[in-house]
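Residues per chain, in single letters:
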Amino acid sequence: DAKTTQPNSMESNEEEPVHLPCNHSTISGTDYIHWYRQLPSQGPEYVIHGLTSNVNNRMASLAIAEDRKSSTLILHRATLRDAAVYYCILSLGSNDYKLSFGAGTTVTVRA
Amino acid sequence: GAVVSQHPSWVICKSGTSVKIECRSLDFQATTMFWYRQFPKQSLMLMATSNEGSKATYEQGVEKDKFLINHASLTLSTLTVTSAHPEDSSFYICSARGLAGVFSYEQFFGPGTRLTVL
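Residue numbers (our numbering), protein chains in the order written: chain A, 1 to 111; chain B, 1001 to 1118.
Don't take each hint at face value.
Quick partial rundown of chain B residues pointing at chain A, CB under 10 Å, derived from the structure [said to hold, decoys possible]:
{"hint": "1", "residue": "Leu1044"}
{"hint": "2", "residue": "Met1045"}
{"hint": "3", "residue": "Phe1108"}
{"hint": "4", "residue": "Arg1114"}
DSS-like, lysine-lysine: derived pairs with alpha carbons at most 27 Å apart [unchecked claim]:
{"hint": "5", "chain 1": "A", "residue 1": "Lys3", "chain 2": "B", "residue 2": "Lys1014"}
{"hint": "6", "chain 1": "B", "residue 1": "Lys1020", "chain 2": "B", "residue 2": "Lys1064"}
{"hint": "7", "chain 1": "A", "residue 1": "Lys98", "chain 2": "B", "residue 2": "Lys1055"}
{"hint": "8", "chain 1": "A", "residue 1": "Lys98", "chain 2": "B", "residue 2": "Lys1066"}
{"hint": "9", "chain 1": "B", "residue 1": "Lys1020", "chain 2": "B", "residue 2": "Lys1066"}
{"hint": "10", "chain 1": "A", "residue 1": "Lys98", "chain 2": "B", "residue 2": "Lys1064"}
{"hint": "11", "chain 1": "A", "residue 1": "Lys98", "chain 2": "A", "residue 2": "Lys3"}
{"hint": "12", "chain 1": "B", "residue 1": "Lys1066", "chain 2": "B", "residue 2": "Lys1041"}
{"hint": "13", "chain 1": "B", "residue 1": "Lys1014", "chain 2": "A", "residue 2": "Lys98"}
{"hint": "14", "chain 1": "B", "residue 1": "Lys1020", "chain 2": "B", "residue 2": "Lys1041"}
{"hint": "15", "chain 1": "A", "residue 1": "Lys98", "chain 2": "B", "residue 2": "Lys1020"}
{"hint": "16", "chain 1": "A", "residue 1": "Lys69", "chain 2": "A", "residue 2": "Lys3"}
{"hint": "17", "chain 1": "B", "residue 1": "Lys1041", "chain 2": "B", "residue 2": "Lys1055"}
{"hint": "18", "chain 1": "B", "residue 1": "Lys1020", "chain 2": "B", "residue 2": "Lys1055"}
{"hint": "19", "chain 1": "B", "residue 1": "Lys1014", "chain 2": "B", "residue 2": "Lys1041"}
{"hint": "20", "chain 1": "B", "residue 1": "Lys1066", "chain 2": "B", "residue 2": "Lys1055"}
Hints were generated in silico from the structure; no laboratory data involved.
We treat Cβ as the ideally placed atom computed from N, Cα and C, and that holds for glycine.
Let the hints inform the model, and build the full structure from the sequences given.
Dropping the structure here:
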């Protein structure tokens, strides 16, 4: 299974952008890159996903390297509600669409 | 967006009893539902995958006779922890994936159920 590597933690100031890196050097051609986040004592929520091209939605942007071996989740203006654990996950390429969660990056936002 | 509910949100039980947790997709039909377990300060661990009308597929190391999963309809899956023991105390989270189409790539997670076994 393709694995991802993320920093354990990152800190940001409110209203500033946050760039969350993810390395996935063993990604296969059919693996999608998914980002989920989990607020304390809640279930995870979908943030964004992509395959090759950069993606934008109302929550964040996903920048994917040309060789697809790394990606960056960008929160354009962090708010206190963005404090969570962010998980970068590769789909396993099967029809089951199983998600394998790693340790993730704990994001702290300072007021 | 799609909503997934879980019931109960928390439960405390005595060792040796069985506990049933329900997972419902409220406004969409779920082809596949997943059950996860999360211990304090750890990440989510996938326990099993269930498709409506068929037997669940369990991950390696998960006892299928202890964690019974029933996916009776496209909107309901249940997880029963049989003969629960203190080491089964954990945060149990379900997720659902929609039918092919706009929701098919995304998993929608429930709020989780906190199980404490005394």
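Hint by hint, here is what the structure shows:
no. : hint                  : verdict
1   : Leu1044               : holds, 4 Å
2   : Met1045               : holds, 7 Å
3   : Phe1108               : holds, 7 Å
4   : Arg1114               : holds, 8 Å
5   : A:Lys3 x B:Lys1014    : violated, 39 Å
6   : B:Lys1020 x B:Lys1064 : holds, 14 Å
7   : A:Lys98 x B:Lys1055   : holds, 16 Å
8   : A:Lys98 x B:Lys1066   : holds, 22 Å
9   : B:Lys1020 x B:Lys1066 : holds, 12 Å
10  : A:Lys98 x B:Lys1064   : holds, 18 Å
11  : A:Lys98 x A:Lys3      : holds, 13 Å
12  : B:Lys1066 x B:Lys1041 : holds, 24 Å
13  : B:Lys1014 x A:Lys98   : violated, 32 Å
14  : B:Lys1020 x B:Lys1041 : holds, 24 Å
15  : A:Lys98 x B:Lys1020   : holds, 23 Å
16  : A:Lys69 x A:Lys3      : holds, 11 Å
17  : B:Lys1041 x B:Lys1055 : violated, 31 Å
18  : B:Lys1020 x B:Lys1055 : holds, 17 Å
19  : B:Lys1014 x B:Lys1041 : holds, 24 Å
20  : B:Lys1066 x B:Lys1055 : holds, 15 Å
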